[in-house]
Amino acid sequence: MSAILKVSHVTRRFAGLVAVNDVSFTLGKGEILGVIGPNGAGKTTLVSLISGTLSPSEGDIFFEGSSIARLPAFRRARLGIGRTFQIMRPFPGLSVLDNVAVGALFGHGAGESELAKAREKALAQLDFVGLGKFAAQRAEELGGPNRKRLELAKALAMQPKVLLCDEVMAGLNLVEIDEVIEVLRKIRKSGISILVIEHVIKAIKSLSDRLVVLHHGDKIADGPTDAVLSNSEVIEAYLGRRRS
Amino acid sequence: MSAFRIGLAIVAVAALAALPLYGSDVVIQFGINTLLLAVLAQGWNIIGGYAGYASFGNSAFYGLGSYGVGIAMVQWGLPFPVGMIFGVVLAVVFAFCLGIPVLRLRGHYFAIATLALAQVMSAIVSNVSLAGQNIGLVLPPLNNDRLFYELSLGLLVIATLTIFWLTRSRFGFGLIAIRENEEGAAVMGVNTTLYKVLAFALSGVFTALAGGIHAYWITFLDPESAFDISLNVKMIIMAVFGGPGTVFGPVVGAFALSAVSEVLSSEATNVAGLFFGVVVVAAVVLMPRGIADVIRRFRTSGWHYFIENLRAHRI
Amino acid sequence: MDLLAQVLINGVLLGGLYAVMALGLALVWGVLNIVNLAHGAFIMLGAYLAWHLYTYLGIDPFLGLPLTAIVMFCVGYALQRGLLNLIVRAPMFNTLLITFGLEVVLTYLAQLAFSADFRTINPPYAGNSIALGPLVVPLARLMAFGVAAALTVGMWLFLLRTTLGRAIRATAQNLVAARLYGVAPRHLYAVTFGIGIGLAGAAGSLYGTVSQINPYIGATLTAKCFAIAIIGGLDNPLGVLVGGLVLGIIESLTVLYIGATYDDVASFGVLVLVLIVRPTGLLGKTA
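Chains as they are written, first to last, in our numbering: chain C, -9 to 234; chain D, 37 to 351; chain V, 21 to 307.
Don't read these hints as lab results, they were simulated from the structure. It cannot be assumed that every hint is accurate.
As the list claims (entries may be wrong) - Below, computed lysine to any residue pairings styled on SDA-like, alpha-carbon distance capped at 20 Å:
#1 C:107 x D:310
#2 C:123 x C:52
#3 C:151 x C:178
#4 C:107 x D:200
#5 C:195 x C:52
#6 C:19 x C:178
#7 C:19 x C:213
#8 C:151 x C:15
#9 C:151 x C:52
#10 C:107 x D:260
#11 C:107 x D:201
#12 C:195 x C:172
Modelling step: build the complete structure from the supplied sequences, incorporating the hints.
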């Protein structure tokens, strides 16, 4: 499987703190890669580094073979990298439809130039994630689970090649989690490679092909899902050392 | 935008255009002032209302437009339209050169930076001999208030149409996205730096044009009046109270506040200024979201609207 | 060389005065997040108050400083409690607009009450100066500087060491938590703003001894104070002292080397540069 995204020895420091330390891994084309780790492991920082909100202190990131670490966020978006935010921030003054339309207007390939066409595409994405009937509502009126779907729809409207999902299942009940898993599988089927940051191990287990585990900024495991989850170092990171 | 509203707008413009035919000289002068203020409010609307960057320094553009016309006509003997273009060029150059560093700031830092820039421009110009330094310039007189009136009205119409186009264009959507969530806009592909600077420049263009018209109309120009700081806050107040980020809001705000100001001005000039301040204070407390919001919510909340505002914002 | 030294002394003395002018603004802004566009107008009022105390009651402006400060404190307290507390939780933008409205009102009231004539406060020692070798140190300015430094250090100690000072900082950082600890926010906000205005009044007293006053000086003074507060940084009262000194010295040097009319260009130019390069100010925390 060829790599569509390659993170190479990336380090990010904030004043005294090393948030991400010499992390390297690849995301294969059509793959769903899970990124897990206890709180504060550096997962969201990693996503921000890939999407362009932050730039690495050291190291490089390759998208489809070309280096993107020096590119500003909007350029990476136009190349085909989409992301959802852990703390969902829709454009509050806009309708749900228009929120998604922004993605269609500006996304991958510099998007649509016509508002009407963009809105059509937006509606299609809303239907895809199951929010079609909320199109005319103001975005701030949506409830929690629906906001997550809106985040996905916004990112999808950009027609990304890679989707970075930051804790898209946080706060959902079991039924809602299964629904999101279904949507993510649909997304992968449509040809998009996904990097999923998650805390809900059950969901990650059924969704990901491979896992990368971060702990205090270091990568401590990288491999097929089942193997990683039985790795003792990983278990220690989450649960602490076993007393024998 | 419903057909009704469009029809209403056309009728309003026609009525305004016909004003010089039946209005007295005083009314026409009031009209010119008000129309120009409305242009300023609309100009501010682009950067402050749509992009969400509250500039407190648009008076810099106003001054540049004024001096553009002044220098072109007085020092170089060029006709008025050329002067206007010169003023616009100055404004655009200013917006690009200084906009880029300053637009990296957020919130009140941006506001203060623009305020400081306006002060700097004013101070620099008062030292430039080409601009007549502190004494200023006297332009060739043109005694045709009606012409200035129609020019001002035309400019306002163009400004409003531009805002209307904004609400339907990719550029406008980008600006709104920047306003609502700039980081989110960037990761969705909006070139935030470019768009902000373009908005700033566009805002500057209209402001400069208004300044140019004003300069020629008054035929006199000095740094203090051209870079008048109080204009900054006036245009903001008019835009904010009329309804920022809307097409007609700033126009309504400008007309309303001018009318109030003018009505009281007939009593005594001092008291009028005083009352303007009191009105501003009262309006900020009671209707912080502007007239547009009052109209929208009054139907449901009635007088409670004002009490709700108070309760929401006090400690 | 002597000329340079003289200019530097002038700059430092001016800087001290600038610092105390901006101190109240920085306090209210940094702590309450209230950007007071009327600050200069309160300095103007303080100056007029001191002038009246001196002219009609013969009270020396330096001795009468505490009185001026207390009166202005009461004015500030009432204003915050009665008016500004109503918009504390509104977007910051609203405080800009409302304080602008206040500035307009205060300026017009001053114009009505005091007429537009220029006035100064001229105690008999005002013209004296101390000679330091070839250098001349105007007495009034020196005394103003002394008071300014004392007030600034005093403010810093107050905020850091006293219970009230800590309560003010706590409320500023977290209103809800402060409430849970028994702080009465309305009162506290009013006290803080009162202190800010009291400081403005004191600054006005000092200003009146070294410069002319009229009802319209408010706007320019506010702009200057902004520059000082930002250059120095809003986190630390000592930053205002630094900002004031920096601005005072830069202005004096500009007047000497570039021209007397360029002082505004210099001060606002520096402000723009500081904002672009380091918005948190020279002493502010790094991002």
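Residue 19 (chain C) paired with residue 178 (chain C) [C-alpha distance capped at 20 Å]: 10 Å, holds
Residue 19 (chain C) and residue 213 (chain C): Cα distance at most 20 Å? 16 Å, holds
Next pair to validate is residue 195 (chain C) with residue 52 (chain C); report whether the Cα-Cα distance is within 20 Å. It is violated: about 27 Å lies between the C-alpha atoms, which goes past 20 Å.
Straight-line Cα separation of residue 151 (chain C) and residue 178 (chain C) no greater than 20 Å? Within the cut-off at roughly 10 Å; holds.
Quickly compare the C-alpha distance for residue 107 (chain C) and residue 201 (chain D) to 20 Å and report which way the hint goes. 17 Å, holds
Measure nothing beyond the straight line between the CA atoms of residue 195 (chain C) and residue 172 (chain C); if it is 20 Å or shorter, mark the hint as holding. Since the Cα atoms of residue 195 (chain C) and residue 172 (chain C) sit roughly 14 Å apart, the hinted pair holds (cutoff 20 Å).
Mind checking the alpha carbons of residue 123 (chain C) and residue 52 (chain C) for me, to see if they're no more than 20 Å apart? 38 Å, violated
Do the alpha carbons of residue 151 (chain C) and residue 15 (chain C) lie within 20 Å of each other, as the hint requires? 18 Å, holds
What's the verdict on residue 107 (chain C) and residue 200 (chain D), does the C-alpha distance respect the 20 Å limit or exceed it? 19 Å, holds
Given pair status - residue 52 (chain C), residue 151 (chain C), alpha carbons within 20 Å: The hint holds at about 13 Å.
Taking 20 Å as the top limit, are the C-alpha atoms of residue 107 (chain C) and residue 310 (chain D) close enough? Distance ~52 Å between residue 107 (chain C) and residue 310 (chain D) Cα, so the pair is violated.
Regarding the pair residue 107 (chain C) and residue 260 (chain D), is the alpha-carbon distance no greater than 20 Å? Between residue 107 (chain C) and residue 260 (chain D) the Cα gap is close to 49 Å, so the pair fails against 20 Å, i.e. violated.
Of the numbered hints given earlier, the model fails hints 1, 2, 5, 10; all others are met.
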